[in-house]
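Its first residue numbered 1, the sequence shown is counted upward by one per residue in our numbering.
Careful: at least some of the hints might be erroneous.
Okay, the calculated beta carbon distance ranges per label pair [stated by the list, open to error]:
(1) S76 to N102: 35 to 45 Å
(2) E69 to N18: 22 to 32 Å
(3) N39 to A106: 22 to 32 Å
Below are the DSBU-like pairs computed for lysine-lysine, each with C-alpha atoms no more than 30 Å apart in a straight line [claimed, not checked]:
(4) K89 to K16
(5) K4 to K52
(6) K4 to K27
(7) K27 to K52
(8) K16 to K4
(9) K16 to K52
(10) K27 to K16
(11) K89 to K27
Derived from the structure by calculation, the hints contain no laboratory data.
The beta-carbon is built from N, C-alpha and C at its ideal position, and this holds for glycine as well.
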Amino acid sequence: MTTKLMTVSALAQASKVNASAVRFYDKHGLIVGERTSGNQRRFSEEDACRIKVIRVAQRVGLSVSEISELLNDLPSEPSSSDWSVVGAKLQAAGQERIDQLNQALAELTGPVQLCDVFTPPQP
């Protein structure tokens with residue numbers, strides 16, 4: 001099977017990110033490009049999909065290491081069911097972040113005053 005390879009700028013355009021983001025993802029191992037004989041990076045269409053997932057994971061609030069861990073579970077040629085598993089993990093992570101934010105908001109709007117939360121009790 002012949003895969004069309006893309007330059008950094010073509011991948012950036014296909015993924016709707018800046019070229020610097022593509023280089024960042026490559027540097028941190030979130031995507032892995034091939035090198036040409038001229039040492040230029042080339043990426044597959046699969047990398048465009050990975051970048052879309054990375055962007056969602058960033059919006060959910062995952063760190064680079066958490067995103068790396070999530071993507072490391074994928075086989076080299078992920079199937080639809082593999083992507084579904086990743087999607088379910090992202091949904092769970094997103095819901096966990098929402099729950100944490102709701103808890104923080106409840107602490108701010110509850111019967112305890114904000115300063116009481118941060119002020120140690122007087123002896």
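These are the hints, each one checked on the structure:
1. S76 to N102: 35 to 45 Å: holds (38 Å)
2. E69 to N18: 22 to 32 Å: For E69 and N18 the Cβ distance comes to about 24 Å; the hint holds.
3. N39 to A106: 22 to 32 Å: Check failed, 54 Å falls outside 22 to 32 Å.
4. K89 to K16: Holds, at roughly 23 Å.
5. K4 to K52: Given that 30 Å is the threshold and the Cα spacing comes to 18 Å, the pair holds.
6. K4 to K27: holds (22 Å)
7. K27 to K52: With a Cα-Cα distance of about 17 Å, the restraint between K27 and K52 holds, given a limit of 30 Å.
8. K16 to K4: The hint holds at about 18 Å.
9. K16 to K52: This hinted pair holds, its Cα atoms lying about 9 Å apart.
10. K27 to K16: holds (18 Å)
11. K89 to K27: Cα-Cα ~24 Å, so holds.
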